[in-house]
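Enquirer: From first to last, the protein sequence lines stand for chains A and B. Oh and the first sequence: position 409 is 409 in full-length UniProt numbering, straight run, nothing missing. Oh and the second sequence: position 191 is 191 in full-length UniProt numbering, straight run, nothing missing.
None of the hints are false.
Repeated chains share a single entry, so a pair holds when one copy, or any two copies, can fit it.
With a cut-off of at most 20 Å between alpha-carbon atoms, the simulated SDA-like pairs for lysine to any residue come out as follows:
id: 1; residue 1: K441; residue 2: R177
id: 2; residue 1: K441; residue 2: Q174
id: 3; residue 1: K441; residue 2: A424
id: 4; residue 1: K399; residue 2: P365
id: 5; residue 1: K441; residue 2: T172
id: 6; residue 1: K302; residue 2: M291
id: 7; residue 1: K318; residue 2: S329
id: 8; residue 1: K399; residue 2: R356
id: 9; residue 1: K318; residue 2: E271
id: 10; residue 1: K335; residue 2: Q29
id: 11; residue 1: K354; residue 2: Y404
id: 12; residue 1: K458; residue 2: N85
id: 13; residue 1: K441; residue 2: I176
In case anyone wonders, no lab produced these hints; they're calculated from the structure. Here the structure is a predicted model, which means the values were calculated and not measured.
There are 2 protein chains.
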Amino acid sequence: MPELSPSLIQSLGDLLGERLSTSLTLREQHGRGEAHHAAVFPDAVAFAETTSEVSEIVRLCAAEGVPVIAFGAGTSLEGHLTAVNGGVSIDLSRMSTITRISSEDLDCTVEAGVTREQLNIYLRDMGLFFPIDPGANASIGGMAATRASGTNAVRYGTMRENVLGLTVVLPTGQIIRTGGRARKSSAGYDLTRLFVGSEGTLGIITEITLRLYGIPETISAALCSFENVEQAVASAIQVVQLGIPVARMELMDRGLIRAVNAYSGLDLEIEDTLAFEFHGSPAGVQEQVDMVSAIVEEHGGKDFEWANAPEERNRLWKARHNAFYAVVSQRPNAKGWSSDVCVPVSQLSNCILKTRELLKDCSVPAAILGHVGDGNYHVVFAVDPGNAEELGEVAAINKKMVQYALSVGGTSTGEHGVGTGKIAYLREEHGDAVDLMALIKHAVDPAGIMNPGKILPK
Amino acid sequence: MPELSPSLIQSLGDLLGERLSTSLTLREQHGRGEAHHAAVFPDAVAFAETTSEVSEIVRLCAAEGVPVIAFGAGTSLEGHLTAVNGGVSIDLSRMSTITRISSEDLDCTVEAGVTREQLNIYLRDMGLFFPIDPGANASIGGMAATRASGTNAVRYGTMRENVLGLTVVLPTGQIIRTGGRARKSSAGYDLTRLFVGSEGTLGIITEITLRLYGIPETISAALCSFENVEQAVASAIQVVQLGIPVARMELMDRGLIRAVNAYSGLDLEIEDTLAFEFHGSPAGVQEQVDMVSAIVEEHGGKDFEWANAPEERNRLWKARHNAFYAVVSQRPNAKGWSSDVCVPVSQLSNCILKTRELLKDCSVPAAILGHVGDGNYHVVFAVDPGNAEELGEVAAINKKMVQYALSVGGTSTGEHGVGTGKIAYLREEHGDAVDLMALIKHAVDPAGIMNPGKILPK
Numbered sequence: 001m002p003e004l005s006p007s008l009i010q011s012l013g014d015l016l017g018e019r020l021s022t023s024l025t026l027r028e029q030h031g032r033g034e035a036h037h038a039a040v041f042p043d044a045v046a047f048a049e050t051t052s053e054v055s056e057i058v059r060l061c062a063a064e065g066v067p068v069i070a071f072g073a074g075t076s077l078e079g080h081l082t083a084v085n086g087g088v089s090i091d092l093s094r095m096s097t098i099t100r101i102s103s104e105d106l107d108c109t110v111e112a113g114v115t116r117e118q119l120n121i122y123l124r125d126m127g128l129f130f131p132i133d134p135g136a137n138a139s140i141g142g143m144a145a146t147r148a149s150g151t152n153a154v155r156y157g158t159m160r161e162n163v164l165g166l167t168v169v170l171p172t173g174q175i176i177r178t179g180g181r182a183r184k185s186s187a188g189y190d191l192t193r194l195f196v197g198s199e200g201t202l203g204i205i206t207e208i209t210l211r212l213y214g215i216p217e218t219i220s221a222a223l224c225s226f227e228n229v230e231q232a233v234a235s236a237i238q239v240v241q242l243g244i245p246v247a248r249m250e251l252m253d254r255g256l257i258r259a260v261n262a263y264s265g266l267d268l269e270i271e272d273t274l275a276f277e278f279h280g281s282p283a284g285v286q287e288q289v290d291m292v293s294a295i296v297e298e299h300g301g302k303d304f305e306w307a308n309a310p311e312e313r314n315r316l317w318k319a320r321h322n323a324f325y326a327v328v329s330q331r332p333n334a335k336g337w338s339s340d341v342c343v344p345v346s347q348l349s350n351c352i353l354k355t356r357e358l359l360k361d362c363s364v365p366a367a368i369l370g371h372v373g374d375g376n377y378h379v380v381f382a383v384d385p386g387n388a389e390e391l392g393e394v395a396a397i398n399k400k401m402v403q404y405a406l407s408v409g410g411t412s413t414g415e416h417g418v419g420t421g422k423i424a425y426l427r428e429e430h431g432d433a434v435d436l437m438a439l440i441k442h443a444v445d446p447a448g449i450m451n452p453g454k455i456l457p458k
Numbered sequence: 001m002p003e004l005s006p007s008l009i010q011s012l013g014d015l016l017g018e019r020l021s022t023s024l025t026l027r028e029q030h031g032r033g034e035a036h037h038a039a040v041f042p043d044a045v046a047f048a049e050t051t052s053e054v055s056e057i058v059r060l061c062a063a064e065g066v067p068v069i070a071f072g073a074g075t076s077l078e079g080h081l082t083a084v085n086g087g088v089s090i091d092l093s094r095m096s097t098i099t100r101i102s103s104e105d106l107d108c109t110v111e112a113g114v115t116r117e118q119l120n121i122y123l124r125d126m127g128l129f130f131p132i133d134p135g136a137n138a139s140i141g142g143m144a145a146t147r148a149s150g151t152n153a154v155r156y157g158t159m160r161e162n163v164l165g166l167t168v169v170l171p172t173g174q175i176i177r178t179g180g181r182a183r184k185s186s187a188g189y190d191l192t193r194l195f196v197g198s199e200g201t202l203g204i205i206t207e208i209t210l211r212l213y214g215i216p217e218t219i220s221a222a223l224c225s226f227e228n229v230e231q232a233v234a235s236a237i238q239v240v241q242l243g244i245p246v247a248r249m250e251l252m253d254r255g256l257i258r259a260v261n262a263y264s265g266l267d268l269e270i271e272d273t274l275a276f277e278f279h280g281s282p283a284g285v286q287e288q289v290d291m292v293s294a295i296v297e298e299h300g301g302k303d304f305e306w307a308n309a310p311e312e313r314n315r316l317w318k319a320r321h322n323a324f325y326a327v328v329s330q331r332p333n334a335k336g337w338s339s340d341v342c343v344p345v346s347q348l349s350n351c352i353l354k355t356r357e358l359l360k361d362c363s364v365p366a367a368i369l370g371h372v373g374d375g376n377y378h379v380v381f382a383v384d385p386g387n388a389e390e391l392g393e394v395a396a397i398n399k400k401m402v403q404y405a406l407s408v409g410g411t412s413t414g415e416h417g418v419g420t421g422k423i424a425y426l427r428e429e430h431g432d433a434v435d436l437m438a439l440i441k442h443a444v445d446p447a448g449i450m451n452p453g454k455i456l457p458k
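Construct all of the structure, not just a fragment, from the sequences and the given hints.
Expert: Right under this line is the structure:
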């Protein structure tokens, strides 16, 4: 691992003062996300406060061929933050200004370190919200970089659909702006979508222009429990196929409910469950509820349990967002390993059935959850990161899940990204298109300093 | 202009037989779109029937550095088809197979030459439709290549949101597949979105996987006339800002209505008009209608005139889709010049007001129309393509429109693409990001054989 030259340390120190650190604690914290991937420390951590500072840091590192890794809230699940070739972690969490909001145009511009909860608290009084909600309180920059989604994607789309434009620092230090504020454009290559999901391997996203939405007049949430996961999934598939515009439709198997109850102090019935949220006018919501009720009844679902008071609803979704932590907390000193595949909805039943078979003899705690309206689901495993046998067992299950998803036209990751964790599947999924990705990577970042070892196989 | 070598002609002829042509008529027809841009003839036209034939044609041309230009339905409006460096026009119109439809997953795969009308006729009996509808009966490949949209984009998005995956022939002749059938994915660079809107300059799209939608239970269409365009636009802006999910909301100024009446044999009232379409359940549509009625009334709109019978509705939208031809037909031997800008909705009134000022002294027939729900509008001019002074006059108006749109955060093209017509504005819109586009272009197509002279300034 290359260490930083004294001259680079000096220049970065001149630029950042105490905002440059080589402390072991900070380096350890910046060399990992929230999941099982072992930390690989960067050589230094640089806390940037402006886009031009990011540009200057990148320029200085580029001059010496030193890697740079963007760090937002540190909530990565696929090893995106591991400094596999060392280098400088550029921490953007202090770039947390909400720069501009237009309630007329339903858009805003934020710095990369703004978190989704921070943004939504800020927007609430304006009657607006930003729907994309991965489990963690991730940064908007990180969410753009991994093409994140969450529970609302079935209705509102993912970061792919909701980012209008970006400010990006290129590997040369050059600052560019992509996209714009118009709702649609045919003006040249879609650089915005190229950077969304590029995981810091092509440039560092420092500002994001987002679509916003008015808070719906009526919001209604309900839980429906089933005798088994198959019934729940069959119901979800039918809701999607009928085009009912549910805002959320989340699967939580009974294992997950048990973990969530314990972690979040709830007393949900320990059953395989679909959690719904409906957005719209009072009549529109009622209509959705009626249609969905009929579908779940037909598939053996029990009556809806309503959670309509805002505090009750917030408690439910907060608990759902904490599902990952809930599973992990079942076991002392465990780390979470969250699998993530997404398949055509017609294949969802098959896939989840196969996954349940794979889990039958699994030796570690595991629970199934998913944004089933999108065909996207996860298994969260609570693993002992020091136990190689256990990691091997989970890796084997994960591999079978991914390969089965690919065999039915799905993807190896619906929302967590490739990082280091899914690199092995990229060619199986995309074939020779991977060579084009590598060609673009090499053209944009010939020295390979932008978050090396992520997305692309070596 | 380079002519084709005898050996290339020979090899292409061996491959295609009579499907290779150097006839003047075919070359002229393939060297232009539907608008005012003067034709520049390719040296030959190759009718491909399969992706591997396209690959072979590209390979043969690449070996001699000969340009290739993809041709779908020939409905380009910005000079995309002009063979500025000669070369071979690859006509994909015979690749018109609808390969696969899944009504369970609401998606399909089609060859690039399938047209939007062909697809929708095919889908109708299955209760499905594909909403993206530029005015012309364009090919799906061409629509993907220009990131097209149309009247339904306010509700259903554009080609950007509705293409799930592509088969693409690269400049080397290599065939790749991008994207997939999952509704969302974080698996690597978004090559699908890179090719959508790349106008044949990075590769040739030969197959497209698309999202489909169920035909709504209730469809209702209505016209509302206003005393002036400003009232109509103010109404449209409010509909968007309140998030009412109208399926279509089209502005047609009185000049356009006059042209459309004459061309399509209608007797619409000669007024500045908004045309709406509402999709949903009976109750959902009624609710939208009530809300929109209240808004238009508040802004001085007259009562809705309904067009609810399917044949009446189809006639209305057919007439709207033919608006371009309607304006052009007002003048013998004229060609259409369709301007195209898209701005944040809050800026739409300003922009249209400025545009109307610019049109006051315009010497050629012109009419304003637009997908105002997206902030996207056009002026269609009927120009004499042989009259340089007239072309200069329209170019000057177009330039002012674009520059004003850019100054308020808009884009130089909402849906027609850059082609040759908007190249001059690309740097004004995107700044140094244009250099990154050029870098990608050069990396993917170092010899510059893919539709040269389009999108990027030389």
